[in-house]
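Work out the full structure, taking the sequences as your base and the hints as a guide.
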Amino acid sequence: MPFLNDLFVNLSYWIHGFLARFLPLWAADLIMMLLTIACLIVFALITIMFINWLERKVIGRFQDRYGPNRVGPLGILQFVADAIKMFTKEDITPANADRVIFNLAPVMVVVPTFLILAVLPFGRGMVAADLNIGFLYIVAISSLTTIAILLAGWGSRNKYSLLGGMRVVAQMISYEVPMVLSALGVIMLTGSLSLVSIVEGQSRVPFILLQPLGFLIYFISAIAEVNRAPFDLPEAESEIIAGYHTEYSGMKYAMFLLAEYINAFIVAAIAATLFLGGWQGPSLPPYVWFFLKAYAIYFVLMWLRGTLPRLRIDQLMGLAWKFLVPLALVNLLVMGLVATLTQGKGLFPLVLASLVANGLIVAAVVIIYAFAMRRRRQVEVAA
Amino acid sequence: MSREVYERLVEEFPETSLEYLEGKDPAISVKADDLFEVARHLKEKQGYDYLSAVTGVDYPDRFEVIYHLYSMKEGPGPLILKVSASKEEPEVPSLVSLWPGANFQEREVYDLMGIRFAGHPDLKRILLWEGYEGHPLRKDFPIEGYQTIGQEESS
Amino acid sequence: MLGLGILKGLSVTLRHFVETYVSDLKRFPHRYAPQGRARRLRPTERGIFTVQYPEERLEMFPRFRGALMQLTNPETDIPKCTGCGICARFCPVGVIEVVRAEEKRDGQYVPQSYSWDLSACLFCGLCVESCPFGALYHTPEYELSTYGRQKGELIYDLDRLLAWGQKYAPLGTPPVEQEE
Amino acid sequence: MTEEEHIAEQIRRNIIITTIDKIYNWGRRSSVWPMGFGLACCAFEMICAAASRFDFARFGMEMMRPTPRQADLLIVSGTVTKKMAPQVVRLYDQMPEPKYVLAMGACAISGGPFKDTYNVVNGIDTYLPVDVYVPGCPPRPEALLEGFIKLHQMIEGQTILTSPWYRKEVEREMPVPILGPRGLVLPGEGHE
Amino acid sequence: MQTVETRLRTETITLNMGPQHPSTHGVFRMIITLDGETIVDLEPVMGYLHRCQEKIGERNTYLQNIPYTDRLDYICSMSNNLAYVMAVEKLAQIEVPERAEYIRIIMVELTRIVNHAVAIGALLNDLGCFFTPMLYALEERERILDLFEMASGSRMMCNYMRFGGVRYDLPPGFMPELKSVVAALPAFIDEFERLLTDNEIMRIRCQGVGILPPDVAVGYSCTGPLLRASGVDYDIRKVDSYSIYDRFDFDVPLGTNYDVYDRYLVRIEEMRQSVRILEQAIEQIPEGEVSVKLPRVFKPPEGDVYHRIESPKGELGFYLVSDGSTNPYRYKIRSPTFINLTVLPELCKGHKVADVVAILGSIDIVLGEVDR
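Residue numbers (numbering that gives the first Met the number 0), protein chains in the order written: chain G, 0 to 382; chain F, 0 to 154; chain W, 0 to 179; chain Y, 0 to 191; chain Z, 0 to 371.
If you're looking for bench data, these hints aren't it; they were derived computationally from the structure.
All residues carry an ideal CB built from backbone N, CA and C; glycine is no exception.
Treat the hints with caution; some may be incorrect.
[As the list claims (entries may be wrong)] If you anchor each label on the Cβ, the simulated ranges turn out as follows: (1) Z:Ile281 - W:Ile154: 44 to 50 Å; (2) F:Pro120 - Z:Pro185: 43 to 49 Å; (3) W:Tyr146 - Z:Gly287: 39 to 45 Å; (4) Z:Thr196 - W:Gln165: 55 to 61 Å; (5) G:Asn131 - W:Glu44: 35 to 41 Å; (6) G:Leu73 - W:Glu44: 22 to 28 Å; (7) Y:Gly187 - G:Met250: 33 to 39 Å; (8) W:Arg14 - Y:Ile22: 40 to 46 Å; (9) W:Ala162 - F:Asp121: 56 to 62 Å; (10) G:Phe322 - Z:Thr9: 24 to 30 Å; (11) G:Val287 - Z:Ile281: 56 to 62 Å.
[Stated by the list, open to error] Computed cross-link-like contacts, DSS-like style, restricted to lysine-lysine with a CA-CA straight-line distance of at most 25 Å: (12) Z:Lys348 - F:Lys81; (13) Z:Lys89 - Z:Lys292; (14) F:Lys86 - F:Lys72; (15) Y:Lys21 - W:Lys166; (16) W:Lys166 - W:Lys79; (17) G:Lys158 - Z:Lys348; (18) G:Lys56 - W:Lys7; (19) F:Lys44 - F:Lys86; (20) W:Lys150 - Y:Lys149; (21) F:Lys23 - F:Lys42; (22) F:Lys42 - F:Lys86; (23) F:Lys30 - F:Lys86; (24) F:Lys81 - F:Lys42; (25) F:Lys138 - Z:Lys298; (26) Z:Lys292 - F:Lys42; (27) F:Lys81 - F:Lys30; (28) Z:Lys89 - F:Lys42; (29) G:Lys56 - W:Lys79; (30) F:Lys23 - F:Lys81; (31) Z:Lys348 - F:Lys72; (32) Z:Lys348 - F:Lys23; (33) F:Lys42 - F:Lys30; (34) Z:Lys89 - F:Lys23; (35) F:Lys23 - Z:Lys292; (36) Z:Lys348 - F:Lys123; (37) F:Lys81 - F:Lys44; (38) W:Lys79 - W:Lys103.
Next comes the structure, spelled out in structure tokens:
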């Protein structure tokens, strides 16, 4: 069914052609761009509606109970009701809050989220802007949210938000390093930063088979980057009430909620693009494959959120700097070695060499870990 | 069990007036001023390392503070010390330096009964708020407390 | 080793997740039937544990201590309560006020007014236990919420308790006795 | 504007208003977020109502937000003592408008078993406007759910025209009582 | 965990983990002085749920006090009843029939399982699990509450025990239901262990946190799982062997390195021991009377008595002074959690904010009993 495969691409060409008939060329292009932007924003809102509902149903099912199922059929309209209520809520700016920063923060959190959408390859040819520095753009934009959340934490002049803000700065900066390093392994294999070419590079074999360890490091640091599951320290409900968005109510809180859920979906989508071969897939249309893979990874995110307790702030730092960064460097080194050795020898030796390399790294980690535990036990016994 | 303890106490402190009270739970009544000596002796020499409960009772003629002591190694049978204090100015030495566990219990007896504990690190109210007047568990205190405006309308 | 414990934990939650769907399919017709009789899950049964309250209601045990009711003697159709006030004295909070009528209805004392203040009641059942005439019993009724309190919505008088008596124990034998 | 036009215009206006009301109230009714705030034993029955057997997430109330800022329903579940009353009233004031109060359990309604004692407030309606009373000690989780359903019916009955929280001059700020030497004193008539 | 004196001039902020906080298990307040995230000083403030229980105890008659004991530690109402009822029986020398003793032990051991499951669930909530272990624990608790409701009439506030036995005998359908629930309990505890015990994040968060050495624990009069996790073998069921505990064989789990993780392990092990006791009690329960006929106006003889039991949270004791009238002259409750909290500031110094929450969760407090 080739027609279905690039349905949206043909649609956009047809609209462009229709407009070009009675508008000058530049006007038609401008309208097309506005149309894609509008389409992306609508896609984001629909995704958040679906994700919020999905998250509450799936976490409910983990806990042997139904999620919301009375609002619409099976509770579909739950987020519509939440949105209506949140937009009609009274907007409180606390008296001693720093008014400008307090009101600026929610906007600054949502803007980067939508910016990243521009670069995601939803299907063959379905990418808003095919930048050749795609991944660098993503890393740059996603570090903007750190500043925005710090603004929120500081602006609301509340001790708990301040703690939340401080934690967010420490966590997001120290988890960007392993994220970028582990993604470099993938970029090294494809040779280009653009996400579209990364996906094309995986037509024969997805990179997760070549670099399972790289995927693991990327996945862990991506979760930390988005403050989800075991790393949700900035808004740790049980310790510092609601972290940086303690003082936000109504519409402003809706913005934070929007940003949080869409960030989580985007991280899942990027992981799918980098390691699972974005829209590459045998029979189904490309965009269906993309959503399948993205939601599969998002399910793992929800699964972790429903099960695991939270790390403490110093353990979080320790995990990033003492474990993930060295491991990512070693992984980068070994992948570089493997890539150069099997330069032109075709696919099979590359896959074999990388699996062997990964096996060696994991074995090394296990041995060092066991040795360290025995050493610690001796020290404890001696003390 | 507490009979022999009483005997050894009398040998140890011949000059103090100790009394052995029969009853379901036999107790030893001690004067307020030599309570601390007796308590330290019990803790170090006789191994009563666990102070279970500190209770204040408001009798018509006197206030009484009751300590329940146990020794975790030897075993059952509480040793009960009863100390009485005067009605107007109730003052009893504090045992926080011997058993830190008594800290909150003594503050609670002070808060609800009004018996001061000399030598307590920070003797403040623990259950009621700082500016509260009166000690609720005394017999002369009405159960509704003193009526304030908010209180009268609603009931 | 690092990570194995977390995987074991994750497997437990996944098992719960899958079992909820399995239990849904197994009990499909019953679960979504309009009047699905919710029953208390057997201890060994796994899966969805939810009782969807407004549609499915759990059936109360005979001894459940719900709202109070006054019984009437089926033959002579006179309330069994004689207004003696023992229940009022046994209540720790004093929520029951009884006034005994002067004239007797064919040889038996009858309460002139009986009021039970629901807003402070403990539902502890000491009044039922202490009633020598077996007039006061519990009903399995627990839905008692109201919008207001000022106009006495939460203070039940005699005829309302008698109405419940008719509803839950028409023959004068309350649910507690039926069970023994 | 003759009589008929006036009536026709009223009807048309009402039709618009009622449809807006319907959506507005439907939205607010199906996503009431209770505040994660418990005082005593009733709080435990509230947690059981949120647990797997009587799951009130089905009504869209899953987000038990710990902060007052994001909550719209204050469930006063448990005994309100005099030392705790100022905190409860301040939490109510911190909640953004369209806010509701549900007095759960005999202690919150009238002081319950600890009525008329020196440290317990005889019912939270001395200081807060209460919308739904759920008696019981503690009320069964189903009774609490029935209270929620009653609250939802009440929300559906409200209209934008007469809702107090959009009025400028209506002051819905409850005065926070102060702990005086004998008990709670409202700031207005502090007679010390 | 000593704080390094740095030349950098840092200010400490005082944080108010106030009466309304998601993980203080009710209305308990801690004023914490923080240096960055490390705790310099912690001062607990209580009394937000002081409901004048002891003053009400003096106003009520002996029988009217029983419903009030349910409201003390509202998670284990049966063991509060048992403590109060046994104190009055010791005061008035009342003999309790055999079957009533067995029913009481069955109810109290079921309460212990419920309390430990909820305590672990609450601890995991504070560590950050999104309510999942708590809801599994509450699921099990619902099944046990059905048993209480079947026997006593109310889920949480049972008011089931009377002086000289229990209010009425077990209903006919009770024993088979009890057998099936007790048979399913080990499977639940194993699943709970599989979910939590080897979880690396839980181990990092709990091991080595809030270490309470044995002598400090005894000095601070801690009791219950908190004391036994510090390696002190002191279980009042073994020490006083009140009621008929000497007929059951069960052992008392002890901790080895005295931290939050050991308190979790001790509670899991105690749940298994309670299942063992329940199995033996179900076999040995005899037929017969369950209560003793008492005069309607019950006046115990003069005198004072102190009786304590091993409630799931520690040593719960009642000190009653009777002047021969229908009301107790002095009604004192020795509450385990109120006294266990004395050690909280000592445990929390030098730890992080996240650890305070874990330590408080491991002490397992219930405010109804702390503030009385």
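Hints, one by one, checked against the model:
1. Z:Ile281 - W:Ile154: 44 to 50 Å: holds, 45 Å
2. F:Pro120 - Z:Pro185: 43 to 49 Å: The hinted range 43 to 49 Å holds for Pro120 (chain F) and Pro185 (chain Z), with Cβ atoms some 47 Å apart.
3. W:Tyr146 - Z:Gly287: 39 to 45 Å: violated, 51 Å
4. Z:Thr196 - W:Gln165: 55 to 61 Å: For Thr196 (chain Z) and Gln165 (chain W) the Cβ distance comes to about 56 Å; the hint holds.
5. G:Asn131 - W:Glu44: 35 to 41 Å: violated, 58 Å
6. G:Leu73 - W:Glu44: 22 to 28 Å: Holds - the Cβ-Cβ distance for Leu73 (chain G) and Glu44 (chain W), about 24 Å, lies within 22 to 28 Å.
7. Y:Gly187 - G:Met250: 33 to 39 Å: holds, 34 Å
8. W:Arg14 - Y:Ile22: 40 to 46 Å: Cβ of Arg14 (chain W) to Cβ of Ile22 (chain Y): about 41 Å, so the range 40 to 46 Å holds.
9. W:Ala162 - F:Asp121: 56 to 62 Å: holds, 59 Å
10. G:Phe322 - Z:Thr9: 24 to 30 Å: Given a distance of about 28 Å, which is inside 24 to 30 Å, the answer is holds.
11. G:Val287 - Z:Ile281: 56 to 62 Å: With Cβ atoms ~57 Å apart, the hint holds.
12. Z:Lys348 - F:Lys81: Measuring from Cα to Cα gives roughly 35 Å; hence the hint is violated.
13. Z:Lys89 - Z:Lys292: Roughly 17 Å separates the two Cα atoms, so the pair holds.
14. F:Lys86 - F:Lys72: violated, 37 Å
15. Y:Lys21 - W:Lys166: Violated. Lys21 (chain Y) to Lys166 (chain W) sits at ~38 Å, over the 25 Å cutoff.
16. W:Lys166 - W:Lys79: holds, 16 Å
17. G:Lys158 - Z:Lys348: Judged against 25 Å, a Cα distance of about 20 Å means the pair holds.
18. G:Lys56 - W:Lys7: Given that 25 Å is the threshold and the Cα spacing comes to 23 Å, the pair holds.
19. F:Lys44 - F:Lys86: With a Cα-Cα distance of about 33 Å, the restraint between Lys44 (chain F) and Lys86 (chain F) is violated, given a limit of 25 Å.
20. W:Lys150 - Y:Lys149: holds, 18 Å
21. F:Lys23 - F:Lys42: holds, 24 Å
22. F:Lys42 - F:Lys86: violated, 29 Å
23. F:Lys30 - F:Lys86: Satisfied, since the Cα-Cα distance of roughly 15 Å is no more than 25 Å.
24. F:Lys81 - F:Lys42: holds, 16 Å
25. F:Lys138 - Z:Lys298: OK: Lys138 (chain F) and Lys298 (chain Z) at ~20 Å, within 25 Å.
26. Z:Lys292 - F:Lys42: Not satisfied, since the Cα-Cα distance of roughly 44 Å exceeds 25 Å.
27. F:Lys81 - F:Lys30: Answer holds: Lys81 (chain F) to Lys30 (chain F) is near 8 Å, not above 25 Å.
28. Z:Lys89 - F:Lys42: violated, 28 Å
29. G:Lys56 - W:Lys79: violated, 53 Å
30. F:Lys23 - F:Lys81: At roughly 15 Å apart (the allowed maximum being 25 Å), Lys81 (chain F) and Lys23 (chain F) satisfy the hint.
31. Z:Lys348 - F:Lys72: Violated - the C-alpha atoms of Lys72 (chain F) and Lys348 (chain Z) are around 30 Å apart, more than 25 Å.
32. Z:Lys348 - F:Lys23: violated, 43 Å
33. F:Lys42 - F:Lys30: Within the cut-off at roughly 18 Å; holds.
34. Z:Lys89 - F:Lys23: Answer holds: Lys89 (chain Z) to Lys23 (chain F) is near 8 Å, not above 25 Å.
35. F:Lys23 - Z:Lys292: At roughly 23 Å apart (the allowed maximum being 25 Å), Lys292 (chain Z) and Lys23 (chain F) satisfy the hint.
36. Z:Lys348 - F:Lys123: holds, 22 Å
37. F:Lys81 - F:Lys44: holds, 20 Å
38. W:Lys79 - W:Lys103: holds, 13 Å
Comparing the model with each earlier hint shows violations of hints 3, 5, 12, 14, 15, 19, 22, 26, 28, 29, 31 and 32; every other hint is respected.
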